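Peer 1: All chains, full assembly: derive it from the sequences and hints.
Listed below, chain by chain, are the residues.
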Amino acid sequence: MALLDKMEAQLRPVETPMVPYPAKYITQASGEKLVVHQVDRDAVPRLLEAVQPLTTVQKDFYDVVAARVVSELVGWLRYRVKDEYCLVGTVNGEIVGLVNGRMLTDKVGMSYHTLAIKQGLRLGAQLFAAKMEYHMDFLKQDEVWVVAESPNGFKRWMIEYELEPRFEQWHELGGVPTYVLTRKLWEKHKEAKCGGRRPVPEDLLNVAKQMILPSTYGQIPGYKRGE
Amino acid sequence: MREVGIVGVGHPRFGKYEGSLMSMLCEAAVEALDDAGIKTGEGHGVDQVLVSTMGGSQVNRQTGVASALVDTLNLRPAMAETVENGPASGASAVKLGYMAIASGMCDVVLVVGGERMRVLSGWEATDFVATMSHPEAEYAYGLTLPSFAGMFTRLIMEKYGVTERDLAMVSVKNHENAMFNPSAHIQLAPKLEAITEDEDALTINPYVAEPLHVYDVCPVSDGAAAVVLCALDVKERFARKPVKIAGIGQATDTHVVAEREVPTDLFAVRHAAQRAYDMAGLQPQDIDVAELHDAFTILEIVESEEVGFFPRGEGHLAVRRGETQIGGRIPINTSGGLKAKGHPLGATGVSQIIELVKQLRGEADGRQVKDAKAGLAVNFGGFGNNVVATILTREEE
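Here the protein sequences come in this chain order: A and B.
The first sequence begins at 1 in our numbering and counts up one residue at a time.
The second sequence begins at 228 in our numbering and counts up one residue at a time.
Treat the hints loosely; a few may be bogus.
What the hints assert, rightly or not - Across the chosen pairs, the derived CB separations fall in these ranges:
id: 1; chain 1: A; residue 1: Y223; chain 2: B; residue 2: S250; range: 30 to 36 Å
id: 2; chain 1: A; residue 1: K188; chain 2: B; residue 2: D505; range: 53 to 59 Å
id: 3; chain 1: B; residue 1: D354; chain 2: A; residue 2: Y223; range: 33 to 39 Å
id: 4; chain 1: A; residue 1: D42; chain 2: B; residue 2: E426; range: 30 to 36 Å
id: 5; chain 1: B; residue 1: A364; chain 2: A; residue 2: P199; range: 53 to 59 Å
id: 6; chain 1: A; residue 1: K59; chain 2: B; residue 2: E426; range: 29 to 35 Å
id: 7; chain 1: A; residue 1: G226; chain 2: B; residue 2: A485; range: 26 to 32 Å
id: 8; chain 1: A; residue 1: W170; chain 2: B; residue 2: G540; range: 56 to 62 Å
id: 9; chain 1: A; residue 1: R225; chain 2: B; residue 2: G268; range: 41 to 47 Å
id: 10; chain 1: B; residue 1: E426; chain 2: A; residue 2: K188; range: 17 to 23 Å
id: 11; chain 1: A; residue 1: R225; chain 2: B; residue 2: L415; range: 19 to 25 Å
id: 12; chain 1: B; residue 1: S250; chain 2: A; residue 2: P151; range: 55 to 61 Å
id: 13; chain 1: A; residue 1: D40; chain 2: B; residue 2: G540; range: 54 to 60 Å
id: 14; chain 1: A; residue 1: E32; chain 2: B; residue 2: V483; range: 29 to 35 Å
Hints listed in this document are in silico derivations from the structure and should not be mistaken for laboratory results.
Note that the coordinates shown come from a computational prediction; the quantities given were computed from them, not determined experimentally.
Glycine included, C-beta positions come from ideal geometry on N, C-alpha and C.
Peer 2: Here is the structure:
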């Protein structure tokens with residue numbers, strides 16, 4: 001191995017084994033199925049294509065969220081973040097949103113972002129619930145640290161989950177006020193917030209894994225991919 | 228008294244508007260003036276402009292909205308007034324326009340309703356709407372319109388056997404109608420099973436104010452709508468054949484909802500509708516299409532009883548039988564209603580009337596009620612303490 005490669009390898013974090021998130025599907029009001037499945041690093045380039053158009057949308061703080069998601073995904077792809085994961089939501093195979101985060105320790109989860117690309121179906125709320133489910137029910141952590149960049153996020157997470165304010169603990173996203181989902185709060189809200197069924201039928205999962213790029217964005221009037 | 232008709236309508240899409248309240252009002256007004264064939268500037272012929280808005284001053288920090296609109300549209304020296312009557316502001320403004328023409332004071336009146344509510348967060352909007360409740364007896368205790376509606380629904384359910392599924396059927400019907408209305412805010416057709424019985428139903432359709440779910444409650448919308456009224460004796464001046472305003476009725480009820488003798492009755496709806504029927508010389512069975520104020524799905528059901536379409540306590544049975552669908556005995560909320568078209572407060576009453584105009588003109592496209600000759604709109608203010616009913620009829624050759 002070349003010297004430079006050896007140096008680069010030393011910069012990579014030591015990964016902790018993480019149990020995978022089993023895919024699930026949730027029937028939407030339209031009757032369509034939202035499939036939430038975990039992706040690995042190979043999916044990052046495609047996800048970047050889906051997210052990047054939103055980095056210029058100021059409304060509802062999409063610019064901050066999308067830009068940070070891009071950074072987090074690239075950091076994950078290039079082995080500069082430890083124990084990160086990403087769950088992707090698709091409807092009819094099209095990417096409609098994603099959530100990501102990482103394990104801070106084996107007991108503490110660090111929630112990064114919830115990005116709803118398709119609006120109007122409360123997909124963000126369902127994806128956030130899936131993320132909390134991963135930390136609490138599969139990674140078996142005691143708590144998850146959460147911040148919100150938009151008032152919508154504040155309403156959906158801090159208020160609706162009654163998250164515990166713990167401002168003395170600094171979240172990795174810029175030291176803004178930290179709120180915490182404890183196991184007790186999760187058990188209280190899980191039934192109302194976290195839907196979905198498993199296993200996902202094979203044909204439905206295969207369609208979901210196509211991860212088709214959104215051709216339009218409600219947040220960007222007139223946008224058409226490729227134009 | 229002179230007869231009055233509607234010769235122009237303007238209804239840009241409801242939803243999220245990025246510009247100012249004034250530019251939103253102007254877009255609707257210009258569309259209505261164009262429809263009527265009226266040019267702004269010298270010789271425009273508009274005698275009076277009425278603007279209905281509930282939150283222009285409180286939410287958008289603009290007063291004297293009608294005066295500003297007249298100048299912006301170059302309709303000087305038309306008379307101008309802003310009308311505020313809660314969520315019934317729109318139909319109130321049309322009523323005042325009617326009176327101005329019927330009295331002989333005016334020949335032509337432009338009525339524009341508008342609300343720019345999405346500058347508020349959801350809970351700020353809920354608080355703003357709650358300011359119409361009684362300040363000491365209701366608002367001070369944190370009562371909101373969804374909470375009123377939730378309690379009202381619970382009583383109706385216990386008394387008449389209405390179910391959550393019945394309410395969802397109203398929602399699904401109105402959303403399906405809205406898919407044919409390009410002016411509607413929400414263009415999504417929910418499936419009944421998905422929002423009621425599916426394993427995930429409570430996740431995607433959670434309670435807002437039990438027993439009301441998300442799909443039982445209207446969205447917060449920006450929007451404006453405009454109509455041009457004229458005396459029928461000057462109708463030749465205009466490009467469009469008028470739709471006649473055949474009857475208008477208005478009635479009030481106690482401000483404090485708890486003071487009502489029968490809390491499940493909507494007294495003001497019943498009386499406003501009866502007055503409108505009397506004025507028009509019509510009866511409930513003469514109505515071919517109706518726009519009823521469904522800020523909450525339960526209201527469509529109860530209003531359909533109060534206006535005489537169905538016996539008390541049987542509105543939900545008519546929904547089950549499909550009688551309120553397009554093609555049914557009395558199609559209700561063909562526009563999508565407040566539930567799916569949206570409810571920008573000051574615009575709503577005007578918007579309901581526009582839907583009737585389109586139906587009576589035969590211009591309602593995929594949601595057209597066959598051979599509609601008479602339509603009824605009910606615009607509901609407060610929690611039923613100020614209601615305006617309007618009946619329009621098609622002018623026969």
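Peer 1: It remains to establish, for every hint, whether it holds in the given structure.
Peer 2: Evaluated hints:
Range check, Y223/A to S250/B: Cβ separation about 23 Å, and the 30 to 36 Å hint is violated. Between K188/A and D505/B, the C-beta spacing of about 55 Å keeps the proposed range 53 to 59 Å intact. Between D354/B and Y223/A the beta carbon distance is about 34 Å. The supplied range of 33 to 39 Å therefore holds. Taking the beta carbon of each, D42/A and E426/B are about 32 Å apart, inside 30 to 36 Å as hinted.
Taking 53 to 59 Å as the suggested C-beta distance range, the pair A364/B and P199/A conforms, at roughly 54 Å. Separation of K59/A from E426/B is about 34 Å and conforms to the stated range, judged on CB atoms against 29 to 35 Å. Between G226/A and A485/B the beta carbon distance is about 60 Å. The supplied range of 26 to 32 Å is therefore violated. At roughly 59 Å, the beta-carbon separation of W170/A and G540/B lies within the given 56 to 62 Å, and the hint holds.
The hinted range of 41 to 47 Å is satisfied by R225/A and G268/B, whose Cβ atoms lie roughly 44 Å apart. Checked against the hint of 17 to 23 Å, the C-beta distance between E426/B and K188/A comes to roughly 20 Å, which is consistent with it. In this structure the hint that R225/A and L415/B lie 19 to 25 Å apart at CB holds, the actual value being about 22 Å. Here the CB-CB span from S250/B to P151/A is close to 25 Å, at odds with the stated 55 to 61 Å.
In this structure the hint that D40/A and G540/B lie 54 to 60 Å apart at CB holds, the actual value being about 59 Å. With their beta carbons about 45 Å apart, E32/A and V483/B fall outside the hinted range of 29 to 35 Å.
Violation of the numbered hints given earlier is confined to hints 1, 7, 12, 14; the remaining hints are satisfied by the structure.
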